[in-house]
Structures are given as structure tokens and as C-alpha cells.
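J.: With the hints as constraints, model all of the structure from the sequences given.
Oh and the sequence shown: position 30 is 29 in numbering that gives the first Met the number 0, straight run, nothing missing.
In short, the hints are calculated from the structure, not lab data. There may be inaccurate statements among the hints.
Straight line, CA to CA, 30 angstroms or less: simulated DSS-like cross-link-like pairs of lysine-lysine [unchecked claim]:
| no. | residue 1 | residue 2 |
| --- | --- | --- |
| 1 | K66 | K94 |
| 2 | K275 | K292 |
| 3 | K94 | K292 |
| 4 | K72 | K94 |
| 5 | K94 | K67 |
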Amino acid sequence: MKRIALFLATNLAIIVVLSITLRILGVERILDETGTGLNLNNLLVFALVFGFGGSFISLAISKWMAKKTMGVKVIEQPSNPTEQWLVDTVRRQAKQAGIGMPEVGIFDSPDPNAFATGMSRNNALVAVSTGLMQNMGQDEVEAVLGHEVSHVANGDMVTLALIQGVVNTFVIFLARVIGHFVDRVVFKNEQGHGPAFWITTIVAEIILAILASIIVMWFSRQREFRADTGGANLSSREKMISALERLRAAQGQPSQMPDQMQAFGIRGGGVTQGLKRLFMTHPPLEERIMALKSGR
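T.: Laid out in C-alpha cells, this is it:
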């Protein structure tokens with residue numbers, strides 16, 4: 000219930016902020032002054048504000064949301080040797096990668112997992128689960144931390160937000176163009192917008208969003224390969240392969256991470272065939288291991 004309440008509150012806040020922004024910009028309608036044709040300039044601004052606005056607001060509050068959703072305990076003053084080692088390892092890897100020191104945290108979950116999030120290379124969070132610490136050796140945890148630090152160093156969170164913003168903009172813009180065409184040409188509505196516009200727009204948004212998500216998921220899979228390579232560089236190839244093999248051994252266990260955090264975790268899903276593969280956030284662990292072994 001806490002996660003649902005946070006999700007609803009965040010989306011409501013985003014809608015309110017973007018609506019105020021559109022009013023300030025004077026973009027209150029997408030029809031021209033006669034109410035018969037589309038005002039493409041207004042429509043493009045509308046699509047840009049909602050397309051990029053939602054994506055970047057989510058990015059800006061990603062650390063806060065991750066802490067609240069996952070119950071992350073940020074290590075401000077290490078209280079034991081394990082916490083001290085985690086902070087020291089991330090500090091060393093961050094220095095190697097040329098980024099600012101991320102916040103380091105632990106979240107309570109039997110699922111061996113870890114994630115990185117944040118709005119910039121110098122304002123990030125790296126967190127590991129208690130299950131990861133209990134089920135992996137120090138060398139393997141070091142590789143996992145290197146993987147997450149590499150995500151931050153590669154700017155993956157910002158790039159993903161940019162790509163999501165671009166596809167959101169196209170979806171919003173094209174869906175309304177399609178809705179307007181159907182309303183005018185098929186249903187012969189000459190003034191304002193009738194029910195056909197709104198129904199067609201909603202259906203078009205759903206279809207276009209599904210197609211657009213294929214692009215976002217493709218990028219998400221590519222960033223995992225890059226982060227694996229980065230983790231190998233910050234630890235060693237053998238340690239990174241060993242960590243992925245340990246994650247593969249735990250693949251039968253269901254992930255405890257909420258849906259909105261799944262794309263940020265290191266584990267990802269299992270082997271998927273057919274169309275489902277196009278919507279995977281992570282490549283199968285087998286492919287990631289093979290890529291490292293082959294030096295790709």
C-alpha cells in the first residue's frame with residue numbers, strides 16, 4: 000500500500016506541475032483559433048512538456064523514490080567492517096571512473112540484487128540488498144558494485160530519461176494527429192473535437208507506446224552489456240563473470256524489487272523467446288556471461 004500511495008502521489012504531482020507549466024507557457028489548447036485545425040506549434044510544445052517533463056521529473060526524484068520504495072538505509076557513518084568496506088570500495092571505483100562519490104546504501108531483501116539511480120554522474124545512489132551480501136563473496140560483490148558505478152559513469156539514467164522523453168513526445172504528438180484525422184476525415188466533425196478524437200487518441204497512444212517501448216528496452220539491454228564491461232574493468236573480468244554466474248544460480252527465485260525498479264536492478268529476467276524478448280529490460284544472464292567470456 001505504501002508503494003501504491005507513493006506511485007499515485009508522484010504521478011499526481013507530475014500532472015499538476017506540468018499543467019501549471021503549460022498554462023504559464025500559454026499552451027492551453029491544441030486547436031487553432033477557429034477550432035477546426037490543429038495548432039501544430041501548440042501541440043508540439045504540449046507533447047514536449049509532457050513527454051520530457053514526466054521523464055525528467057521522475058529522474059529528478061529517482062533517488063528519493065528508490066530510498067522510500069526500497070527502504071534503503073544510506074550508510075552515512077559505517078557501523079561495522081562490512082559497511083566500511085562497501086563505502087571504501089565504491090569510493091575507490093568512483094575515483095577510477097572519474098565521477099563524484101555516490102551515496103551508498105543497503106536495503107533489506109533476500110533477493111540478491113543491486114541498483115544505481117540518480118539524476119547525474121555526481122549525484123547518484125548505489126545500493127545493494129542484504130541477500131546479495133549474504134550470498135556472494137567479497138570479490139563478486141566488488142564486481143557488482145563496479146557494474147553499478149559504471150551505470151552512473153556511463154550516464155545511463157540521464158540517457159534513458161532522454162530516450163524516454165523523445166519517444167513520449169512522439170507518442171503524444173502522433174496520437175493526437177491520428178485522433179484529429181479520424182475525427183475530421185472519418186467522422187466528419189467540423190468544429191472542436193468529438194468523442195472519436197478522444198477514443199482514437201487513447202487507442203493510438205496505447206499502441207504507439209507499446210511500439211516505442213521496444214526502443215527503450217533495446218537501449219536498456221545495451222547498457223547492461225556496457226555496465227558488465229565496466230564492472231569487469233573496475234574489478235576484473237573473472238570477478239564479474241563469477242558474480243553473474245552466482246546471479247544465474249539464483250534465477251529461480253522471484254525478484255522482490257517493485258516493477259518500477261526492475262530496470263535498475265542488476266539481475267533482470269530469465270531467458271525469454273519470441274516477442275517477449277523485445278520488451279526485456281535486461282539481456283539473459285547467459286548472454287551477458289558469454290559476452291564477457293568472449294571479450295565483447
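J.: Now tell me, hint by hint, if it's right for this structure.
T.: Consistency of the hints with the structure:
{"no.": "1", "hint": "K66 / K94", "in the structure": "holds (24 angstroms)"}
{"no.": "2", "hint": "K275 / K292", "in the structure": "holds (26 angstroms)"}
{"no.": "3", "hint": "K94 / K292", "in the structure": "holds (26 angstroms)"}
{"no.": "4", "hint": "K72 / K94", "in the structure": "holds (23 angstroms)"}
{"no.": "5", "hint": "K94 / K67", "in the structure": "holds (28 angstroms)"}
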